[in-house]
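2 protein chains.
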Amino acid sequence: MTSTTTLKGDRFDRQLFESVLKRRFFFTEAFEIYRLSPNFKGDNRGLFDYGPPGCALQANIVDTWRKHFVLEENMLEVDCTVITPETVLQTSGHVDKFADWMCKDPIKGDYLRADHLVENVLQARLARGTRGLVKDSPKLDQTTIDKYNDILAKIDSYDGDGLTDLIQRHDIRNPENNNLVLPPVPFNLMFRSTIGPSAAAPVYLRPETAQGQFLNFKKLLDYNQGAMPFASASIGKSYRNEISPRTGLLRVREFVLAEIEHYVDPKKKQHPRFGEVSTLELPLLDRDTQLSGQTTPRTVSIADAVAAKTIDNETLGYFLGRIFLFLLRLGADRSKIRFRQHLANEIAHYATDCWDAELLTSYGWIECVGCADRSAYDLTVHSAYTGTPLVVKGTLTEPITVEKWEGVLDKKRLGPLFKKDFKTIESALYALDQLALEQLAAKLEETGSVTLKTPPLSDHSTSVQLSNELLSISKITRLQTTHEYTPNVIEPSFGIGRILYCLLEHVYWNRPDDPARAVLSLPSPLAPTKVLIAPLSTHPPLLHLAQQLSARLRRLGIANVIDASSASIGKRYARNDELGTLLGVTVDFESLRDGSVTLRERDGMVQVRGTEEEVVRVIRGLLVEGGEGERGGETWEGVVRRLGVFGSKE
Amino acid sequence: MTSTTTLKGDRFDRQLFESVLKRRFFFTEAFEIYRLSPNFKGDNRGLFDYGPPGCALQANIVDTWRKHFVLEENMLEVDCTVITPETVLQTSGHVDKFADWMCKDPIKGDYLRADHLVENVLQARLARGTRGLVKDSPKLDQTTIDKYNDILAKIDSYDGDGLTDLIQRHDIRNPENNNLVLPPVPFNLMFRSTIGPSAAAPVYLRPETAQGQFLNFKKLLDYNQGAMPFASASIGKSYRNEISPRTGLLRVREFVLAEIEHYVDPKKKQHPRFGEVSTLELPLLDRDTQLSGQTTPRTVSIADAVAAKTIDNETLGYFLGRIFLFLLRLGADRSKIRFRQHLANEIAHYATDCWDAELLTSYGWIECVGCADRSAYDLTVHSAYTGTPLVVKGTLTEPITVEKWEGVLDKKRLGPLFKKDFKTIESALYALDQLALEQLAAKLEETGSVTLKTPPLSDHSTSVQLSNELLSISKITRLQTTHEYTPNVIEPSFGIGRILYCLLEHVYWNRPDDPARAVLSLPSPLAPTKVLIAPLSTHPPLLHLAQQLSARLRRLGIANVIDASSASIGKRYARNDELGTLLGVTVDFESLRDGSVTLRERDGMVQVRGTEEEVVRVIRGLLVEGGEGERGGETWEGVVRRLGVFGSKE
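Listed in order, the protein sequences are those of chains A and B. Numbers given in my numbering equal positions in the first sequence, counted from 1, plus 4. Numbers given in my numbering equal positions in the second sequence, counted from 1, plus 4.
These are calculated hints, taken from the structure and not from any lab test. Treat the hints with care, as some may be off.
Claimed, not checked - Okay, derived cross-link-like pairs now, BS3-like style, lysine-lysine, Cα gap no bigger than 25 Å in a straight line:
#: 1; chain 1: A; residue 1: Lys26; chain 2: B; residue 2: Lys223
#: 2; chain 1: A; residue 1: Lys101; chain 2: B; residue 2: Lys45
#: 3; chain 1: B; residue 1: Lys534; chain 2: A; residue 2: Lys45
#: 4; chain 1: B; residue 1: Lys457; chain 2: B; residue 2: Lys479
#: 5; chain 1: A; residue 1: Lys71; chain 2: B; residue 2: Lys241
#: 6; chain 1: A; residue 1: Lys12; chain 2: A; residue 2: Lys340
#: 7; chain 1: A; residue 1: Lys45; chain 2: B; residue 2: Lys397
#: 8; chain 1: B; residue 1: Lys112; chain 2: A; residue 2: Lys423
#: 9; chain 1: A; residue 1: Lys71; chain 2: B; residue 2: Lys427
#: 10; chain 1: A; residue 1: Lys575; chain 2: B; residue 2: Lys397
To be verified - Quick list of simulated restraints, FRET-style, between CB atoms:
#: 11; chain 1: A; residue 1: Thr466; chain 2: B; residue 2: Thr356; range: 56 to 62 Å
#: 12; chain 1: B; residue 1: Ser541; chain 2: A; residue 2: Gly279; range: 21 to 27 Å
#: 13; chain 1: B; residue 1: Lys101; chain 2: A; residue 2: Leu295; range: 56 to 62 Å
#: 14; chain 1: B; residue 1: Thr466; chain 2: A; residue 2: Ser569; range: 41 to 47 Å
#: 15; chain 1: A; residue 1: Pro110; chain 2: B; residue 2: Glu450; range: 53 to 59 Å
#: 16; chain 1: B; residue 1: Leu560; chain 2: A; residue 2: Asp160; range: 42 to 48 Å
#: 17; chain 1: B; residue 1: Thr251; chain 2: A; residue 2: Glu617; range: 52 to 58 Å
#: 18; chain 1: A; residue 1: Asp463; chain 2: B; residue 2: Ala128; range: 36 to 42 Å
#: 19; chain 1: B; residue 1: Leu560; chain 2: A; residue 2: Arg645; range: 27 to 33 Å
#: 20; chain 1: A; residue 1: Ser23; chain 2: B; residue 2: Val406; range: 34 to 40 Å
#: 21; chain 1: B; residue 1: Thr466; chain 2: A; residue 2: Gly297; range: 56 to 62 Å
The beta-carbon is built from N, C-alpha and C at its ideal position, and this holds for glycine as well.
Take the sequences, apply the hints, and build the full model.
Structural data, given as structure tokens:
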């Protein structure tokens, strides 16, 4: 486990931190009262509910995301279903490849995720300095220490065979009971169900929002009136049936993803707004650095990283920059952000390059945002299966002469023969690239017949035999006035729950000399409640004043809450510091006489006093983002200078 | 099918209407390109994706809901998981009772929802005026017509036996092929899956958001510092595996619910803000009116309806009023709203009273909001199963003397005997009400031993035998200073997708004399895009001006879009009328000279002209809701009076 420090440089105490989040109901394990019941046989691990402040914080992060990305660039936001037919995820590759390796403990009967098992055992050995689980096992020598560290640095890059080998070679066992484990087998991470009354229609809960966006590509391009490049976006729940989730909000089975699919011409990966981020300096941990066993990122400007091809192209670089700015806008600690490039073996099956934005926490560096170049993979496979072209057609400014291979089927003879399969066969032919066509042409010339692979036909066959009487392939010279291409996709994908958790670690600290008084220094757009209104007592005229002020702030769209409990004002402030509430207004007997109220700021606990009118103006100035002339732009320092400090700190 | 009229009194043409929604990508069937593919074997019925305008409209409805309910009354919003362990839904009753009746056509092999089958067949017979499916079957006599209409009016109140009887008695067959159908059997409507690598942990996708809220009741009450009454709220996807969904967005398998659970003391169902809605006149179709075969609602003030006990209590009446105001705020047509009370047989298994807010569409009256009094049902059953008290404890202002039955177990002897089951047994005893305890006491007195029902124990038994040596039950007199009660729950539950669809029908109309030019008169907070910016040409200085204006509006939080396509300004406006875009700004060559731009309003197509400064001020005035002094408050009529009409209508 990593030792981190808080905003104020103190040691981060995870136990204290978690007790605050629990006490203030940011989140809780789902179905807790069932799990605590002696009769409960189910599994609630990896399932979490957000209480009121967690739910508001999540909504504020999503809202900031929507402003920063969707509204800023007029992305086309869609909302697609979670339930997804099996065929779609077979085509995308998820049914075959979206799996983790797991080992069964044959004696205890439980399942362990193989890479985590290796990691835990080797980390424990390194910590103990001995080679095995038993107390008097031999001390680790330097070669072994280096070897273990090397494995741990690359743990994400091992496949099933690699993990099997590691487990045997290093005698990895279930750390709970020292049992030998069975060799790892793949476990598909999607939740499976069936739709409708017949059991014959299998469906999955989507593991990402991306596929729904890809399937609507044609409609989205139409909606965008054919203009390229453009992006679609989606925010919604996604699901992964994790083998054995343990680390709280960081590894969950149900989570909110916010994903962007930016569609570009593969030959034009420049970005028109690249200049806005090109001088930003990012902490990059690239592939080569990691393979050399290093873990310290290099700070490089985006322009330089793209020029050196460390980052593959401008569009990818542009989004890495925008992601960095987004994380800073949320209040992430700049010194706890890095961008790590995926290693060749860990990269998702569809991606050609991928960078993760990682945030440092007490659990180590946590992947919070992935930014992948998915190439033309998804659009190509869905197009090939369905026979629907998912391409962009553009007019060339100057017509060009092209030579290309073209295949033509004898529709008159094949149509009646294959009936509704004919369209499938034709699509399969059209989906072939130039090289494949050239090879088929040679084969057809040589043998008089070829085999064409197809999606499953009515008789379940997946190919047809075609003679040179039914199929001709020849090289054609054409004057081309339009061109057609399958766009590449750059995909920034945000795990909202992980960002939320890491952020809370970043903004948490304690009042000096009082570890029991915690503060969450969330930036104002993220604070679940912006203003606490605390009447000094429950004297009805005071309550009435508080309610009036509350309604007034509500009309301005400012989330506020009245706490008229019998606790002291100090205790009410302390509770709200733990909730991240930015400002506190106290209404007292003086207020009834002269209409003045006290305003207190969370982080510094300094108070000012002014008329209700003045204080409402200050609150708007501090809270309303950006905007024109008369709005926003206040700073707390400015307010204190203008109104003067009132009274002493608590 | 119902014949309805548009806002302008024209006949509503559903085909034209749907072609607009499809053309503008409000929504689409999910996985359409797969369904169209000849190879696809799955089932995508009841699954819909929202395109950009539909997604924005949905977000705007949800946002309005949050302001109208959650922020207005400081409800505690939570976000709970969709995946729910089977045990939880067994306890709530959903595993046993959340089912529809379906009939199998044994020849064709498909499944038909039984009540819809009866409904469709009887409606078809009434429309044809004949008694059977065959052409020359006997004409309907008046007695049969009355009988059919009576069945149709009460169709929701038939259970399985009732439906079996109807199908036999009226010779109901599959209308597609005249096949006889098998008797109806129940089909559970929840999607089922398993969690984790072992298949032994069954889970369901939640059919409502309510259960997650109930399970967190204790934490929510703590968060609310013990104060009653209060409400929790939740917005999120829920799932129902409909047997055979057909009517577009109105019967779907995946949908967004927005639900409020308002917790009250069962003895204090008054509501502090009742006065704010009591004089509202609601169109009520109560139970008695329906059973008398009438379908015309009575317009009654909420105060009168509560006084007459037509609406059971003030809190229920308060929420019916708030729901009515919400629907009007969204732009629903006042003449197409009614509140229908559930009949005794159709009411959900947990509810004691329930009213639906229904909206009139071309499909007839559609249930969009349910408002049920769930009594103490849910909190009681979850508490009994888990042994966690889900109650409110309050201090009495005056102590009272109470006599009550109490059961006491001999813990010293039973503890070691039952080990961890002891707590379960004890909870089961504590969960008994006074009547049950009194009966047990008599039995114990009489026979010396009783059987106590329990949740499943370690040995799978569900009861224990207890002798009078182990259990004593006696009547105790106590001076009570605190009281404890299980709150009742009033639940307003909103189907966001249904509201969205019905609303679109309500605001749709055509330009006179041109059925091809449609308009969606969405109120400004709901319009997916608020402002269209149309530069007259792609001349770079014009584009630049448009981009500047766009960025300026964006900073003010106003969703806008630039359409710089080559279509005429008129065509661009027409496209945006179909998208519900409220305002259009044209930037032309005059703008480059004097900084003036044209502003056009959607519904009346009247244009005004002013400086960019002036037009931005007008836009803010028209769009920004409520607020203080200098904000909001503009009307389009006022703007036209001030600035004068510019040019002629298109």
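Self-check item: Restraint status (C-alpha distance of lysine 101 of chain A to lysine 45 of chain B at most 25 Å)
Solution: Satisfied, since the Cα-Cα distance of roughly 22 Å is no more than 25 Å.
Quiz item: Is the straight-line distance between the alpha-carbon of lysine 534 of chain B and that of lysine 45 of chain A 25 Å or less?
Solution: Violated - the C-alpha atoms of lysine 45 of chain A and lysine 534 of chain B are around 52 Å apart, more than 25 Å.
Quiz item: Is the distance from the Cβ of threonine 251 of chain B to the Cβ of glutamate 617 of chain A consistent with 52 to 58 Å?
Solution: 54 Å, holds
Quiz item: Given a hinted range of 42 to 48 Å, is it respected by the beta-carbon distance of leucine 560 of chain B and aspartate 160 of chain A?
Solution: This hint holds: roughly 45 Å between Cβ atoms.
Quiz item: Can the restraint linking lysine 112 of chain B and lysine 423 of chain A be considered satisfied, given a maximum Cα separation of 25 Å?
Solution: 24 Å, holds
Quiz item: lysine 71 of chain A and lysine 427 of chain B: Cα distance at most 25 Å?
Solution: Outside the cut-off at roughly 52 Å; violated.
Self-check item: Distance restraint hint 41 to 47 Å, applied to the beta-carbon atoms of threonine 466 of chain B and serine 569 of chain A
Solution: Given about 43 Å between the Cβ atoms, the range holds.
Quiz item: Does the Cβ-Cβ separation between serine 541 of chain B and glycine 279 of chain A fall within 21 to 27 Å?
Solution: For serine 541 of chain B and glycine 279 of chain A the Cβ distance comes to about 26 Å; the hint holds.
Quiz item: Is lysine 26 of chain A within 25 Å of lysine 223 of chain B, Cα to Cα?
Solution: This hinted pair holds, its Cα atoms lying about 10 Å apart.
Quiz item: In this structure, is the beta-carbon distance linking proline 110 of chain A and glutamate 450 of chain B contained in 53 to 59 Å?
Solution: 55 Å, holds
Self-check item: Straight-line alpha-carbon gap lysine 71 of chain A to lysine 241 of chain B, limit 25 Å
Solution: Roughly 23 Å separates the two Cα atoms, so the pair holds.
Quiz prompt | 27 to 33 Å as the expected CB spacing between arginine 645 of chain A and leucine 560 of chain B, which holds or is violated | solution = 28 Å, holds
Taken one by one, the earlier hints fail for this structure at numbers 3, 7, 9, listed in ascending order.
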